[in-house]
Amino acid sequence: MKKEQLSYYEKKSILSIIVLLMVYVSMFYDAAKYYETESPDQEILNFWGNQFLELFLCLIFIYFVTLALFIKINKKLTGEDRPKIKDERDNAIELKAIHASYYVLALGVFLAMLLALRVETFSPIFLMIMGSFMVSGIIADVIRIVSYRKSS
Amino acid sequence: MSKRIKNNVRALRFENGEMTQEQLANKTRVTRQTIAAIENNKYSPSLELAFKISDVFELPIGKVFSYGTSDSLEDVHKIKGGGARKTDI
Numbered sequence: 001m002k003k004e005q006l007s008y009y010e011k012k013s014i015l016s017i018i019v020l021l022m023v024y025v026s027m028f029y030d031a032a033k034y035y036e037t038e039s040p041d042q043e044i045l046n047f048w049g050n051q052f053l054e055l056f057l058c059l060i061f062i063y064f065v066t067l068a069l070f071i072k073i074n075k076k077l078t079g080e081d082r083p084k085i086k087d088e089r090d091n092a093i094e095l096k097a098i099h100a101s102y103y104v105l106a107l108g109v110f111l112a113m114l115l116a117l118r119v120e121t122f123s124p125i126f127l128m129i130m131g132s133f134m135v136s137g138i139i140a141d142v143i144r145i146v147s148y149r150k151s152s
Numbered sequence: 153m154s155k156r157i158k159n160n161v162r163a164l165r166f167e168n169g170e171m172t173q174e175q176l177a178n179k180t181r182v183t184r185q186t187i188a189a190i191e192n193n194k195y196s197p198s199l200e201l202a203f204k205i206s207d208v209f210e211l212p213i214g215k216v217f218s219y220g221t222s223d224s225l226e227d228v229h230k231i232k233g234g235g236a237r238k239t240d241i
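Protein chains in written order, with our numbering: chain G, 1 to 152; chain H, 153 to 241.
Calculated from the structure, these hints are not laboratory results.
Positions of the beta carbon are idealized from the N, C-alpha and C atoms, including for glycine.
Hints are not guaranteed to be accurate.
[Stated by the list, open to error] Simulated pairs of lysine to aspartate or glutamate, EDC-like, Cα-Cα distance not exceeding 20 Å:
| id | chain 1 | residue 1 | chain 2 | residue 2 |
| --- | --- | --- | --- | --- |
| 1 | G | LYS12 | G | GLU80 |
| 2 | H | LYS204 | G | GLU120 |
| 3 | H | LYS194 | G | GLU94 |
[Claimed, not checked] If you only want the chain H side, here are some residues facing chain G, beta carbon under 7 Å, derived:
| id | residue |
| --- | --- |
| 4 | ASN178 |
| 5 | VAL182 |
| 6 | THR183 |
| 7 | GLN185 |
| 8 | ALA189 |
[Said to hold, decoys possible] Sample of chain G residues with no beta-carbon within 10 Å of chain H, all distances over it, derived:
| id | residue |
| --- | --- |
| 9 | VAL25 |
| 10 | LEU59 |
| 11 | LYS72 |
| 12 | LEU77 |
| 13 | LYS96 |
All chains should be built: construct the whole structure from the sequences, respecting the hints.
The structure is reproduced here in structure tokens:
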């Protein structure tokens, strides 16, 4: 049976994975540099607080900019508009993706708490939480892509 | 063998003036991709959407969707033409 071409939501999810990877890899790079240094606890907490704030602001900003560009480029290349409606199938897939990402995030936080029992510094714990944010976001997008593919 | 919800949507579209997936999607307020997924038996619609699709074809829901086996187009012709079937309630 002939498969449908990539839908708007599939393309959007692929873009989202790329954005997530780019932003998180740059954040991890920053964090890794700091990870090696031995600083007082307060300084480490400030650093991580700053990292998370920066991460969310960067994600929101880059996501909106790339989404706007994607809509324009996609329209130009394929003539496909942004879907006007989100129907029950879209909602079911969205629910499945959020469900999976929630479990990954919860598992990440749980592992970070386990790590807190083992290590004496904050950095590995925050790194684990940041990693679980990234993996949960990617898992959600992968589930969206797979679900749309499977039902096309 | 596992049973699943099957349908005659594709055949019925052609029977109804070669209606396109897009037209059916607009009438039922879903995306064209959802209609394609339903036709390929890759997505089972909600009861509400199944009723909406049946309404478009002016057929009882049981004649558009079936559980386990799919009605043949011949059967649908009979129903549309008023012919009775064993399974008619």
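Checked hints:
1. With a C-alpha separation of about 13 Å, the suggested pair LYS12 of chain G and GLU80 of chain G falls inside the 20 Å cut-off, and the hint holds.
2. Under the criterion of a C-alpha separation no larger than 20 Å, the hint pairing LYS204 of chain H with GLU120 of chain G is inconsistent with the structure, at around 61 Å.
3. Of the supplied pair hints, the one linking LYS194 of chain H and GLU94 of chain G holds, its CA atoms being roughly 17 Å apart against a limit of 20 Å.
4. With a least beta-carbon distance of about 10 Å to chain G, the hint placing ASN178 of chain H at the interface is violated under the 7 Å criterion.
5. Interface restraint check for VAL182 of chain H: the shortest CB-CB distance to chain G comes to about 4 Å, inside 7 Å, so the restraint holds.
6. Because the beta carbon of THR183 of chain H sits about 5 Å from the nearest beta carbon in chain G, less than 7 Å, this interface hint is met.
7. The beta carbon of GLN185 of chain H is positioned within 7 Å of a beta carbon in chain G (closest approach about 6 Å), and the interface hint is therefore held.
8. Evaluation of the ALA189 of chain H hint against chain G yields a held restraint, the C-beta minimum of about 4 Å falling below 7 Å.
9. A cut-off of 10 Å between C-beta atoms confirms that VAL25 of chain G is not in contact with chain H; the least separation is 32 Å.
10. Against chain H, the non-interface label of LEU59 of chain G holds: every CB pair exceeds 10 Å, the least being about 27 Å.
11. Even its closest Cβ contact with chain H, about 21 Å, leaves LYS72 of chain G beyond 10 Å, as expected for a residue assigned away from the interface.
12. Here LEU77 of chain G stays apart from chain H, with its beta-carbon at least about 18 Å from theirs, past the 10 Å limit.
13. Residue-level check passed: LYS96 of chain G sits 12 Å from the nearest beta carbon of chain H, beyond 10 Å.
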